[in-house]
Amino acid sequence: MRTSDWMRLARRLAVPAVTVVLWQVLVGVFGWGGGFVPTPIAVVETAGVWIFGFGSSDRYAGTWLNAVITSSQRVFGGFLVASAVGIVLGMLVGRSKIVADYLDPIIQLLRPVPVSAWVPFSLVFFGIGPASAVFLVALGAFFPVVMNTISGARHVSELHLRSARMLGAQPWFAAMRVFLPSSLPSILVGLRLGLGLSWVLLIVAEMVAVKSGLGYELWNAYYYARMDVIVAAMVTIGMLGFLSDAALVALSSRLLVWHEATDQ
Amino acid sequence: MASELPSVHAPVAAAPVRGQRPASSENGPPLAATDLVVIENLCRTYGAGTTAVRALAGVTLNIRPREFVTILGPSGCGKSTLLNILAGFDAPTSGRVFVGGERVTGPSPARGVVFQDSAALFPWLTVARNIQFGLRAGGRSAEEIRERTSKVLKLVGLREFSDKFPKQLSGGMRQLVAIARVLVMDVQLLLLDEPFAALDAISRQHMQEQLIDICSKAGTTNLFITHNVDEAIYLGDRLLVMSGRPGSIKAEIEILLPRPRNIASIDFNALRGKALSLLG
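First to last, the sequence lines map onto chains A and B. In terms of the working numbering, the first sequence has 225 at position 225, counting the first letter as 1, and numbering is strictly consecutive. In terms of the working numbering, the second sequence has 40 at position 40, counting the first letter as 1, and numbering is strictly consecutive.
Check the hints yourself; a few may be wrong.
Stated by the list, open to error - Across the chosen pairs, the derived CB separations fall in these ranges:
| no. | chain 1 | residue 1 | chain 2 | residue 2 | range |
| --- | --- | --- | --- | --- | --- |
| 1 | A | Gly48 | B | Ala142 | 32 to 40 Å |
| 2 | B | Glu144 | A | Pro114 | 52 to 60 Å |
| 3 | B | Ala142 | A | Val99 | 54 to 62 Å |
| 4 | B | Ala142 | A | Gly196 | 35 to 43 Å |
| 5 | A | Trp6 | B | Ser141 | 31 to 39 Å |
| 6 | B | Arg103 | A | Ser96 | 22 to 30 Å |
| 7 | A | Val99 | B | Leu276 | 50 to 58 Å |
| 8 | A | Ala250 | B | Lys151 | 33 to 41 Å |
| 9 | A | Trp6 | B | Lys151 | 36 to 44 Å |
| 10 | A | Pro112 | B | Ser141 | 47 to 55 Å |
| 11 | B | Ser94 | A | Ala250 | 36 to 44 Å |
Since the hints were derived computationally from the structure, they do not count as laboratory data. Just so we're clear, the structure is a prediction, and the values are computed from it rather than from any experiment. Using N, Cα and C, we set each Cβ at its ideal position, and we do this for glycine too.
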C-alpha cells in the first residue's frame with residue numbers, strides 16, 4: 001500500500017478506535033452505566049467463551065455457532081421466499097394492468113402495516129417456533145422486493161419492447177430475456193433493502209416467537225442481566241448483516257457488469 | 001466502395017416528380033407484383049373531433065425490391081408515423097400497407113427497424129448476444145445461430161467486438177450492431193429511422209458509406225428517414241420529400257448520380273438546391 005492508502009485506512013479506523021477506547025475508559029475507570037455496561041475487553045472475553053467454550057461452565061459456553069447457524073437459516077429461508085414471491089408478483093403487477101388492478105390495492109394497503117404488528121397472528125398461525133420467524137422475515141422482506149420489482153418492470157424501455165416484438169420474441173421469451181434483465185437493477189435494490197430488513201425482523205421474531213437463535217439469546221441474556229452477552233450478540237448480528245449485504249452486493253455487481261461497464 | 005449497388009431503374013432521365021402509380025385493385029392483393037412495398041392512400045389521424053391531428057393524409061408509395069428510398073422532411077411531418085406503420089408498431093386509420101404481398105398487421109422480423117436511439121440495443125447483452133436475440137427468440141439451432149452471427153459480424157466489420165457490451169462501443173458502432181441484429185434475420189425490408197442523427201458529422205459520413213456497402217451486399221430493400229438533406233441525397237436511389245400538417249409526400253426525386261457519390265459535385269449541389277427549395 002502507498003502512504004496515501006495507509007493515511008486513508010488510519011482516517012477510517014480513527015473514530016471506531018477512539019469510541020472503543022473512550023468506552024473502555026468511561027466504564028472501566030469511571031464506572032459509567034452503574035455496573036450494567038460491560039467494558040469492550042469484557043465483551044471480547046465473553047465472545048471468546050461464547051464462541052469457543054474454552055471448557056468454561058458459563059451457560060453460554062460454546063453455543064455461539066449453533067445460534068448463528070439457526071438464525072442465518074431463518075433469515076435466508078424467509079428472504080428466499082420473499083424474493084421468489086416478490087419478483088414473480090412484481091413482474092406480473094408491473095407488466096399487466098389487469099393483475100395490477102387486482103393486486104396493487106392489497107399490496108398498498110398492507111405495506112404501511114409494520115411487520116412487527118403481525119407478531120400476534122404469526123403466533124396464532126405458526127405457533128412458537130421457527131416457522132413464525134421465517135413467516136415474519138418473509139413478510140417484511142417481501143414489500144421492498146415487490147415494490148422495487150414493480151417499479152423496474154414498469155420502466156422497461158419502450159424501445160426495448162419494440163425491439164423484442166420486431167425481432168419476433170413471444171411473450172414468455174420477452175419476459176425472461178427483456179423484462180427480467182431490464183428490471184434487474186431495480187430488483188437488486190429491492191433485494192438489498194429486503195435483506196437488511198430480514199435481519200431486523202428475525203431478531204424481533206426470535207425475541208418473542210422462538211426459543212432459539214441470536215434474537216432469543218439476546219433477549220434471554222437480559223433476564224440474566226448478562227449485558228456482556230447482549231453486546232456480543234449485537235456485534236454478531238451486525239457482522240452477519242454486513243457480510244450478507246456484502247455478498248449480495250458482490251452478486252449484484254457480477255450480474256450488472258453491463259450496467260456499469262465503461263470503456264475497458 | 002458501393003458502386004456495385006444494383007439499381008433496378010433504367011438509367012434514363014425519369015421525370016423527377018412523378019404522379020402516383022396505379023398499384024392495386026380495390027379489394028384484392030396489389031397488382032404490381034414487382035413492388036416489395038405497396039402503400040395505398042394511407043391516413044393516420046390521432047385523437048378525434050376538433051383536437052384531431054392528421055399525421056398522415058393520403059400517402060401512396062411503392063418501393064421496388066433492393067431499392068434505397070430516402071424520406072426527407074421536417075420534424076413532425078409524419079415520416080416517423082409512416083415508418084412505424086410499416087414496421088407494424090402503429091396501425092393506419094385508413095388505407096392499406098403491403099410488404100412482400102402480405103398485409104402489415106404487426107411487427108415482424110421480415111421488417112427490421114433500426115431506431116434513431118442506439119439505446120434500443122439490449123444493454124445487458126454483448127454484441128454477439130444482441131445480434132442473436134431474434135434467432136434465439138425464433139428457436140433456431142445453435143449451429144445456425146453461430147453461422148449467421150459470424151457472417152453478419154463480418155459483414156458489418158465488428159468481429160473483434162462481439163464480446164463487448166453496447167456501452168463499450170461508439171455511437172456509430174452501436175448502430176452497426178442495430179443493423180446487424182435485423183440483417184441476421186431473414187429481413188426483406190430495412191426501416192431506418194434517422195439512425196445516424198445522434199452522430200457527429202465525420203462518423204455520420206463514414207456510417208453512410210458503410211450502410212450503402214452493407215445494404216448492397218445484404219441485398220435488402222431500404223427505407224431511410226432523415227431530416228438531413230445531404231444524407232437523403234447521398235444514400236437514396238429515390239428521394240421523397242414530405243411536408244407536414246397533414247403529412248403527405250410533396251415531391252419525388254430520382255437520384256441518378258453514380259456511386260460512390262461526391263457531396264461536393266455540381267450535380268449533387270443541384271439536387272441539394274432542389275430538395276431545399278421543396279422543403280421550403
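Taking the hints in turn, this is what the structure says about them:
1. A:Gly48 <-> B:Ala142: 32 to 40 Å: Violated: the Cβ-Cβ distance is about 57 Å, outside 32 to 40 Å.
2. B:Glu144 <-> A:Pro114: 52 to 60 Å: holds (56 Å)
3. B:Ala142 <-> A:Val99: 54 to 62 Å: violated (35 Å)
4. B:Ala142 <-> A:Gly196: 35 to 43 Å: holds (42 Å)
5. A:Trp6 <-> B:Ser141: 31 to 39 Å: Hint violated: Cβ distance 58 Å, outside 31 to 39 Å.
6. B:Arg103 <-> A:Ser96: 22 to 30 Å: holds (29 Å)
7. A:Val99 <-> B:Leu276: 50 to 58 Å: holds (53 Å)
8. A:Ala250 <-> B:Lys151: 33 to 41 Å: holds (38 Å)
9. A:Trp6 <-> B:Lys151: 36 to 44 Å: violated (55 Å)
10. A:Pro112 <-> B:Ser141: 47 to 55 Å: holds (52 Å)
11. B:Ser94 <-> A:Ala250: 36 to 44 Å: violated (57 Å)
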